[in-house]
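2 protein chains.
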Amino acid sequence: MAQRNALYAQSGGVTAVINATACGVIETARRHRARIRKVYAGRDGIIGVLTEHLIDTSRETPAAIRALRYTPAGAFGSCRYKLKGLEESRAQYERLIAVFRAHDIGYFFYNGGNDSADTAWKVSQLAGRLGYPLVCIGIPKTVDNDLVGTDNCPGFGSVAKYVATSMREAGYDVASMARTSTKVFVLEVMGRHAGWITAACGLAAEKAGDAPHILLFPEVAFEPEPFLARVEATVKKHGFCAIAVSEGLRYPDGKFLSESGVRDAFGHAQLGGAAPRIASLVRNRFDYRCHWAVADYLQRAARHLASRVDVEQAYAVGKAAVELAVTGRNAVMPVIVRKSNRPYRWTIGVAELEDIANREKKVPRDFITRDGFRITAKCREYLAPLIQGEDPPPFRNGLPVYAKLRNVTAPRKLAGEFKI
Amino acid sequence: MAQRNALYAQSGGVTAVINATACGVIETARRHRARIRKVYAGRDGIIGVLTEHLIDTSRETPAAIRALRYTPAGAFGSCRYKLKGLEESRAQYERLIAVFRAHDIGYFFYNGGNDSADTAWKVSQLAGRLGYPLVCIGIPKTVDNDLVGTDNCPGFGSVAKYVATSMREAGYDVASMARTSTKVFVLEVMGRHAGWITAACGLAAEKAGDAPHILLFPEVAFEPEPFLARVEATVKKHGFCAIAVSEGLRYPDGKFLSESGVRDAFGHAQLGGAAPRIASLVRNRFDYRCHWAVADYLQRAARHLASRVDVEQAYAVGKAAVELAVTGRNAVMPVIVRKSNRPYRWTIGVAELEDIANREKKVPRDFITRDGFRITAKCREYLAPLIQGEDPPPFRNGLPVYAKLRNVTAPRKLAGEFKI
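Those sequence lines, one after another, are chains A and B.
For the first sequence, this note's numbering assigns the number 420 to the last residue and increments by one with no breaks.
For the second sequence, this note's numbering assigns the number 420 to the last residue and increments by one with no breaks.
Treat each hint with caution, since some may be false.
Copies of the same chain look alike in the list, so a pair counts if it fits in one copy or across any two.
Stated by the list, open to error - As a list, the in silico DSSO-like pairs of lysine-lysine whose alpha-carbon atoms are at most 27 Å apart: (1) Lys361 to Lys84; (2) Lys84 to Lys236; (3) Lys404 to Lys319; (4) Lys237 to Lys319; (5) Lys236 to Lys419.
Keep in mind that the hints were calculated from the coordinates and are not lab data.
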């Protein structure tokens with residue numbers, strides 16, 4: 001088979017380890033020169049492909065690419081831009097193929113969540129219909145851990161480690177002053193529809209009385225009265241109460257606690273502010289001093305506290321994507337398969353993109369205790385391996401040193417602008 | 001001189017390294033058995049002394065005490081309880097001396113901020129007046145870095161390292177998605193009246209364009225218009241704008257942006273919510289997507305990312321406090337003296353408690369740029385050494401392992417309860 005170029009694009013919210021996946025893709029492609037000439041990266045994800053802003057990663061040194069392994073966020077830029085159905089967004093899909101054709105792209109690697117798996121699958125369908133020879137590979141990424149077909153998603157383990165560590169540390173803080181000062185602490189975490197990150201906070205509690213005492217999952221409709229009763233009982237029993245709340249917590253009528261009215265390009269409500277709402281509820285009922293934190297981007301950017309397992313898996317799916325591509329597998333995604341829990345062993349498997357596209361894996365009911373406020377032993381068994389090990393970045397002058405690439409744009413080959 | 005007991009108490013908000021100071025006090029006292037029999041610790045700080053809840057630290061193993069060096073928060077509990085003037089709070093001061101007498105306390109180590117330096121000084125005065133032989137030593141601690149008489153305060157370096165790292169990481173995140181998504185990010189940090197932590201966020205920016213772009217100090221009255229103009233100019237120039245805001249930011253009329261009406265025991269307003277206010281201001285003016293985080297206790301509990309310099313200094317002031325005490329120095333505080341910047345060298349000096357009590361060190365005007373939005377080179381030179389070096393705690397199962405002491409209470413010797 002001929003030597004052709006590859007295109008890699010990041011999609012959606014970035015993570016502490018998505019660049020480790022990019023590192024895996026590029027380093028592995030460089031070892032398959034007979035098949036892959038250059039790896040281009042979409043500037044700001046798929047938008048850069050549509051507008052023909054392609055970054056030529058061959059202009060980066062091996063050291064720069066290696067540094068991606070410990071650099072958070074998206075080195076080439078990412079975007080929240082969802083292509084719709086093949087008919088509805090026909091012009092966009094055809095434009096993608098036109099750009100691929102112009103740059104002799106034979107391999108398309110799309111690194112994202114379930115929306116991106118859908119896009120990658122549709123591109124593969126259209127390429128087939130148009131007779132354009134193209135291998136499309138999805139690569140899993142999402143802090144939300146909500147992709148089906150994979151045991152877990154790269155990006156999740158590191159945010160899980162961060163929120164569990166932060167909850168443990170804040171729990172020590174509150175415990176030491178609760179008898180005379182703050183008694184209730186609320187930490188708001190990400191996870192719009194799936195409570196995996198909320199669940200991960202629960203890893204901080206190893207013994208009865210440890211923080212956190214209450215988890216508020218997006219999967220469990222929020223009823224103020226049982227919640228407030230549990231807060232009071234916890235303060236009476238343990239002296240303080242530490243709570244983790246999902247940004248996506250909803251009332252039984254489906255309304256978000258934190259609804260702001262703003263929606264993103266995927267039509268998802270832009271959330272933030274569940275923690276202060278919960279704190280207000282507690283303050284209005286009890287005479288408890290209350291503090292709250294909103295981790296927001298800190299949690300998904302915290303490469304300084306990445307999970308080593310997560311970094312290794314993020315790299316491995318990037319590497320596997322290239323290996324699948326050069327063997328001609330199309331419309332698939334490398335996924336993580338759990339082989340055993342003790343010791344934790346995993347391997348890379350392969351799933352069909354069509355089976356992953358647009359589906360969402362929520363926290364199963366048997367991972368949440370009957371009262372809705374804790375994780376079960378089964379959940380803990382699932383989560384615990386994913387936060388194992390540390391992989392600190394290099395530090396200079398007391399701060400982590402992260403890579404900044406040159407990001408040289410490839411010469412454009414198509415005439416005119418494409419409006420998106 | 002006879003062998004007598006010592007009393008150690010933590011005061012006010014806890015930090016990532018105040019237990020390293022406790023470790024320094026206890027380990028050093030154990031090396032001075034000829035002078036110091038036992039170290040008691042006040043359960044929940046000074047309140048435990050008033051109520052005669054003294055923890056007998058001799059019941060802890062050397063390994064447990066050693067583990068305090070890497071354990072955040074207050075191992076014996078702390079409190080926000082301020083003794084007033086000697087006449088006004090006469091009963092409390094006399095009670096302290098009565099408890100000291102009952103337990104043969106010859107050394108009082110009070111580990112806190114400027115309020116605590118004041119209390120320690122007053123106790124030394126009263127003991128003198130009553131003819132009770134007592135050595136009173138203040139030990140500096142505060143994340144706010146607002147103590148006079150010391151170059152910097154143990155506790156500050158670690159929170160500075162945490163906020164600068166977090167700002168750098170979130171900056172990478174926002175930069176990678178700003179062209180199509182979030183353009184403005186706001187991080188709220190602690191520092192009620194002094195903007196040292198806000199200033200520390202500025203360490204994350206090493207080159208033009210790096211996050212953060214705007215710092216909002218409590219020392220600089222907040223004027224919305226120049227701020228909004230700077231946000232717009234920054235987004236136009238760099239594509240995004242990262243902002244650090246002090247919880248204590250005020251309008252020119254002195255009103256806090258985040259005033260909640262709740263006050264703590266020291267009469268300070270309990271703050272929180274400057275970040276969402278700033279985000280709302282930006283959203284209401286511009287069509288910029290905006291995210292915000294409130295670090296709250298996460299920042300002062302983040303022992304996983306402690307500054308090694310800070311840990312060493314925290315231990316050193318504890319050790320020095322005991323060494324000063326056994327040589328008979330009274331009513332003093334060991335302080336940190338900077339010897340040089342490059343390389344950073346420091347030593348322990350001694351200050352009079354009377355000179356430290358109730359004073360506050362704000363960020364000097366020449367540490368802030370003329371426009372009020374950045375730190376100067378002089379400020380950077382001061383701050384940079386304080387975040388140097390890492391000192392990670394041990395990890396087990398992917399999470400940091402922190403000490404929990406037995407905290408055995410000493411038998412009470414006084415009859416009746418003391419109401420506080």
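Hints versus structure:
With identical chains, the CA atoms of Lys361 and Lys84 are at most 27 Å apart within one copy only, with a shortest distance of 21 Å there and 58 Å across copies. Taking the shortest alpha-carbon separations for Lys84 and Lys236, neither the intra-copy value of 52 Å nor the inter-copy value of 31 Å comes in at or below 27 Å. Proximity of Lys404 and Lys319 under a CA criterion of 27 Å is satisfied intra-copy only: 21 Å inside one chain copy versus 43 Å between copies. In this homomeric assembly, Lys237 and Lys319 never come within 27 Å of each other (Cα to Cα): the closest approach is 50 Å inside a single copy and 37 Å across copies.
In this homomeric assembly, Lys236 and Lys419 come within 27 Å of each other (Cα to Cα) only across copies, at 21 Å, whereas the closest approach inside a single copy is 61 Å.
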